[in-house]
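**Student:** If you want the building blocks of each chain, they are given just below.
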Amino acid sequence: GIQVEQSPPDLILQEGANSTLRCNFSDSVNNLQWFHQNPWGQLINLFYIPSGTKQNGRLSATTVATERYSLLYISSSQTTDSGVYFCAVEQGWRDDKIIFGKGTRLHILP
Amino acid sequence: DVKVTQSSRYLVKRTGEKVFLECVQDMDHENMFWYRQDPGLGLRLIYFSYDVKMKEKGDIPEGYSVSREKKERFSLILESASTNQTSMYLCASSPTGAALRESLRDEQYFGPGTRLTVT
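These protein sequence lines are chains A and B, in that order.
Residue 28 in the numbering used here sits at position 28 of the first sequence; the count goes up by one each step and never skips.
Residue 11 in the numbering used here sits at position 11 of the second sequence; the count goes up by one each step and never skips.
In isolation and in its complexed conformation, chain A is listed as follows:
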């Protein structure tokens, strides 16, 4: 089945820094989402982005479907950005599965 790898696994940054999180997938996908899980465990959707670029405030995401990766950019990090970021993919045409990456744990220091 499709493999989803996220990097780096852990990231510690000072408040105000910028960061780039990466999601690689081993086969073509129909759908891709980025999620954030805060330190208290609450998960929220960030972006639905099977291809192209989207921006929402300090966060933006880019998926290059032909090269099988997606990037999540966080600019001017705040302590509230801390937590774990997951990407999840669906192949759709091949498999009825949602596959999550193992996540990138981000810790923003004040």
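Honestly, the hints are just simulated from the structure, not real lab data.
Don't take every hint at face value.
Unchecked claim - Calculated from the model, a selection of chain B residues having no Cβ within reach of chain A, i.e. all distances over 10 Å:
id, residue
1, R44
2, K70
3, K71
To be verified - Cβ-to-Cβ under 10 Å is the rule here; a few derived chain A residues that face chain B:
id, residue
4, S28
5, V29
6, A88
7, E90
From the three backbone atoms N, C-alpha and C, an ideal C-beta is built for every residue, glycine too.
Since the structure of chain A is already known, use the hints to place chain B on it.
**Tutor:** Then chain B, alone, in the frame of chain A:
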């Protein structure tokens, strides 16, 4: 605001017990999901429901069953709890009744999770 609630934040059960985890959403969403989250493994889908009484198996359905008798409520049942089912269980819902292969097109709203320990 969409609200997804789960019956317990923490639960401790004994091996062999029948365990019910309840999830309720208040926004008339069609799709509901049960995931488990384990350290180093991310989230894995256990079961998915796209309508009342309709369900599909996810990646790891073994040892679990589900029930959706009403649109707003999706229950996860551990018929005979085992120690390897110790985990964080997350429920989610999304608005449209999409098939599983298209469900990531929709925003999912997650509950706070239930941390289940089976001793």
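**Student:** None of the hints should be skipped; say for each whether it holds.
**Tutor:** Evaluated hints:
1. Taking the minimum C-beta to C-beta distance to chain A, about 7 Å, the non-interface status of B:R44 is violated against the 10 Å cut.
2. Non-interface status of B:K70 relative to chain A is upheld: no Cβ of that chain comes within 10 Å, the nearest being about 24 Å off.
3. With a least beta-carbon separation of about 21 Å from chain A, B:K71 lies farther than 10 Å from that chain, consistent with its non-interface assignment.
4. At about 14 Å, the closest approach between the beta carbon of A:S28 and any beta carbon in chain B exceeds 10 Å, and the interface hint on this residue is violated.
5. For the restraint placing A:V29 at the interface with chain B, the shortest Cβ-Cβ distance is roughly 9 Å, inside the 10 Å limit, so the hint holds.
6. Hint status for A:A88 relative to chain B: holds, with the closest Cβ pair at about 6 Å, below 10 Å.
7. Among the interface hints, the one on A:E90 holds; its C-beta lies about 5 Å from the nearest C-beta in chain B, closer than the 10 Å criterion.
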